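Engineer: So the sequences go chain by chain: A and B. Each residue of the first sequence is one higher than the one before, starting from 1 at the first, in the numbering used here. Each residue of the second sequence is one higher than the one before, starting from 1001 at the first, in the numbering used here.
FYI, nobody ran anything at the bench for these hints, they're computed from the structure. Computed from a predicted structure; not experimentally measured. Glycine is no exception: its CB is placed at the ideal position from the N, C-alpha and C atoms. Fair warning: there could be bad hints in the mix.
Covered stretches of chain B (in silico footprint by chain A; criterion: 3 or more residues with CB under 8 Å from a CB of chain A, positions within the stretch not fixed) [said to hold, decoys possible]: (1) 1028–1034; (2) 1037–1045.
Stretches of chain A that chain B covers, calculated by requiring three or more beta carbons in the stretch to come under 8 Å of a beta carbon on chain B [unchecked claim]: (3) 155–161; (4) 218–227; (5) 235–245; (6) 249–262.
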Amino acid sequence: MATAELKTLLEPELLARLDQLEVLTHRVFRGRQKGERRSRKKGQSVEFADYREYVPGDDTRYLDWNIFGRLERLYIKLFLEEEDLAFHVIVDTSASMDFGSPVTKFEYARKLAAALGYIGLRNQDKVGVSDAKGRVVSRFRPARGKAQLTKMLSYLMTLEPGERTNLVESCRDFVLQNTQAGIVVLISDFLDDRGYEEALKHFFMRNYEVYCIQVLSPEERDPTQMGHLELVDSETGERQEVTASEALVKQYRRTVETFCGGLRDWCTSRGMTYLAATTDLSVDQMLLGYLRQKGLLR
Amino acid sequence: MTFLQSLWWAGLFALLPAIVVMYLLKLKRRRVVIPSTLLWRRSVQDLVANSPFQKLRNNLLLWLQLLFLALLILAFLRPVMKLENQSGRTLILLIDNSASMQTLEGARTRLEEATDKARAAIDSLSSRDEAIVVTFSDRTNIVQTLTSDRALLDAALDSIEARDVDTSLSEAGLILQSLTSTVDAEGARLPRESTNTIVFSDGVVRGLASLADVPNVEYIRIGTSAENLGITGLDVRESFGDTIEYQIFASVTNAGGEEEEALVELQIDGQVLDIKSVAVPAGETQAVVFATGEVQKGIASVRLDHKDDFPLDDSVVAQIVPPGEIDVLLVTSGNPFLEEVFSIDPRVRISVIRPTDYTPREDYDVVVFDNCGTGDIPAGNFLFINSLPPVPGFAAGDPETVDNPEIIDWNRVHPLTRFANFEEVLIGNALVYETPRSALHVVEAVETDLITLYETETQHIVVVGFDIFKSYWPLDVSFPIFMSNLIEYFAGLSQAGFRPVYRTGQTIPIYPGDEDQVAIVRTPSGKTVEFSFEGISTAYLTETAEAGMYEVDFDKSPDRYLPVNLLSVEESMIGPQEAIDIGGREVVGTGEVVRTNQEVWHWFALAALLIMLAEWLIYCRRTFM
Chain A
1 MATAELKTLL EPELLARLDQ LEVLTHRVFR GRQKGERRSR KKGQSVEFAD YREYVPGDDT
61 RYLDWNIFGR LERLYIKLFL EEEDLAFHVI VDTSASMDFG SPVTKFEYAR KLAAALGYIG
121 LRNQDKVGVS DAKGRVVSRF RPARGKAQLT KMLSYLMTLE PGERTNLVES CRDFVLQNTQ
181 AGIVVLISDF LDDRGYEEAL KHFFMRNYEV YCIQVLSPEE RDPTQMGHLE LVDSETGERQ
241 EVTASEALVK QYRRTVETFC GGLRDWCTSR GMTYLAATTD LSVDQMLLGY LRQKGLLR
Chain B
1001 MTFLQSLWWA GLFALLPAIV VMYLLKLKRR RVVIPSTLLW RRSVQDLVAN SPFQKLRNNL
1061 LLWLQLLFLA LLILAFLRPV MKLENQSGRT LILLIDNSAS MQTLEGARTR LEEATDKARA
1121 AIDSLSSRDE AIVVTFSDRT NIVQTLTSDR ALLDAALDSI EARDVDTSLS EAGLILQSLT
1181 STVDAEGARL PRESTNTIVF SDGVVRGLAS LADVPNVEYI RIGTSAENLG ITGLDVRESF
1241 GDTIEYQIFA SVTNAGGEEE EALVELQIDG QVLDIKSVAV PAGETQAVVF ATGEVQKGIA
1301 SVRLDHKDDF PLDDSVVAQI VPPGEIDVLL VTSGNPFLEE VFSIDPRVRI SVIRPTDYTP
1361 REDYDVVVFD NCGTGDIPAG NFLFINSLPP VPGFAAGDPE TVDNPEIIDW NRVHPLTRFA
1421 NFEEVLIGNA LVYETPRSAL HVVEAVETDL ITLYETETQH IVVVGFDIFK SYWPLDVSFP
1481 IFMSNLIEYF AGLSQAGFRP VYRTGQTIPI YPGDEDQVAI VRTPSGKTVE FSFEGISTAY
1541 LTETAEAGMY EVDFDKSPDR YLPVNLLSVE ESMIGPQEAI DIGGREVVGT GEVVRTNQEV
1601 WHWFALAALL IMLAEWLIYC RRTFM
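So that you can see chain A by itself, here it is in the shape it has in the complex:
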């Protein structure tokens, strides 16, 4: 994939600013490789954690001879092991994401995923990216190191919006494929007839730290089309005849607020973090301002 195309995802100026950031986790996860993060697992690092009694087979290099001198008992020094962080980004690629201005919701979600992935890779986190289109059909397998950046961006560039949203199937498949707990960032508009609750419940299986970023276009929040309209659903083709009077538009705004508020409350009450974004809010502002505020980045 051409570098120029990849650069559209991550502009150099943005990269310079992203270098200062890292993904912040509020929990300690068990990693599979030694990484740059403290682990609950005791292992080999410089940071002392605890003692335990020596049992045959233990590495004798970690015996604390000072304790033995005082108590005449053998104790092993335990150190906090530094592990890698599993950082998953799920991008909704359903047809409903292909709307919005100045960029589509999908474009916005992809840029955001690219930026988050970059931050993760740069901090030696294990970054994985999946799409959510009906069910997970492709993914960027979790990998570490900045060397994986091009691959990750290339994967993101292959994604195309289309088909009908099916968050339930997408989330279930994701959970089955990614057994390592970690941070999950789901970027979607959450406009699914079957609801989002069933879908998000799947994340409880793995004890993920979940961030739900809801991306809506400004037109969706505040419609400008008035008069007699025949609205066609981009995913189902379903038609809805409306006469967009002031009263109805006012009611629509209320409905959007109720919908977003419902998602936020649902997430908050279940330990997930909800973040709302509109496509007119720049990715820079989103990452450097909003996501830092919410504690996903530091």
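Assemble the complex: chain A is given as a structure, and chain B must be docked to it using the hints.
Structural biologist: Then chain B, alone, in the frame of chain A:
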């Protein structure tokens, strides 16, 4: 509630499909593809399902709907605009349903036109007005008594049927008297000014003088057509020759303004026997004579091959009865005129006896007493000349005779005097006598009755009250015609009373055979009238308003026929009269009823419809929402 203006309703109902079609037109909507209709669906549902009441907003559509409903309610309340400051009126609708009202004016008859105009008059009634519907032809009939119920009046108008008869209003005066006048304290009749009498007719009406005292008479002239060629006279006569032959006389009248020529066709029992051409000048009558030749029995029909607006008088029917012998007994001291005149008819077998030789006998068809009386007469047909019959009611007057009586009138339609003209007859001396009240004066002089007919159940008596030797009558053509009529009349009575031709509206006597108990009369349109002869010797058929052949089925005797025809010059002259003369007052006809009240509900209905259309358009455009 009644709906009077059916035409308006029809028009409004015709607009309903137009509204439905407008609703069927789909509103053109702009198609917009959006990410998801999920939130819009919820919004619409929420908007509809929100609380049952909302704050009433100033909305143009609401006002239009209220206005529409108000107009509709007003229309149903049937507002009436008063054009004349009158109320509590009585409207008398006199509708002519005589034969001439069957004249076609385009595709509709005059009677239909008349009922429509009468309906318009009813429409103009206010709620406090009343109306009565009366028809008149040869008789006057109240179709609907006084009422303000328009549905009843409408139904009465619908029920009016035309009759193939003459027109006369002579009975109407009595019927209308109580409605159109009041009686004051001294018993004098005063006209009631609150009544309006409207005559719907073509104006050919006899007896209009009966309306002389009726106030506020309007004449609505019906029809315009005057072109008609019709048969207005018909008779079947035996020819006076060596052999018996029948002659059929038909009179053809031209009511139009130009001479007309047409073919006249004679059929006997459906077979064409003869066709003749006749040219009739405008307003005149021409006679056509057919001879039947050897045919001496059957149903004769005379048809006019001419297309006009009044087809009723274009064909007539008659009956040819086979000849029978007629026995005439002449009781005289000697009268060659009478012997000669009776012997002209080959059917007549004449016997002459002297007055002293007479004994009452019933085996003669006609007994003639010439210048002599008798003590008693049995059942039968009698002619008394210059003598009075021994029947109660007949008595000599004071003085007993009169010299040079002057003939002033004679009955021109009676079978006895048909075709006889007494104008030239001079009489030297005549009896002055009293007659029974039911006697019919056939020929009248100033001082006395010259010829009288008196009929009872069993006796038929004609009195000629003068000596024919003391008159020029035997030398006048009316003498043989009268005697022939007399023989025909009495022979007809002796032959079960069936005559060759009857006129519509005439009461026809039906004489049964000795063993007959029942007779069923079938009219030309198929209606039946049943007569029972228990205790009576003669039945009278009064339902003769239809022209055509009536069939009489006796239970024992052979069937008989009654040929009934219009034969009316007045009815055939179909040209409507510009004005009618009611007892010296001329009432000029107008084309339409002058409305006193105008219903305006249809304007409200129309306004409601327009408002509804406007509301629909605005709703679709949503300009003011």
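Engineer: Against each hint, give a clear statement of whether it holds in the structure.
Structural biologist: Taking the hints in turn, this is what the structure says about them:
1. Look at the segment 1028–1034 of chain B against chain A: 7 of its residues bring a Cβ nearer than 8 Å to a Cβ of that chain, three or more, so the hint holds.
2. Judged by the Cβ-Cβ criterion of 8 Å, the segment 1037–1045 of chain B is covered by chain A as claimed, because 8 of its residues qualify and three suffice.
3. Counting residues of the segment 155–161 of chain A whose CB lies closer than 8 Å to any CB of chain B gives 0, so the stated coverage by that chain is violated, three being the minimum.
4. For the segment 218–227 of chain A, the stated coverage by chain B is satisfied: 3 residues place a CB nearer than 8 Å to a CB of that chain, which reaches the threshold of 3.
5. With 9 residues carrying a beta carbon less than 8 Å from a beta carbon of chain B, the segment 235–245 of chain A meets the three-residue requirement, and the given coverage holds.
6. Using a Cβ-Cβ cut-off of 8 Å, 6 residues of the segment 249–262 of chain A lie near chain B, which meets the minimum of three, so the contact claim holds.
Of the numbered hints stated above, the single one contradicted by the structure is hint 3.
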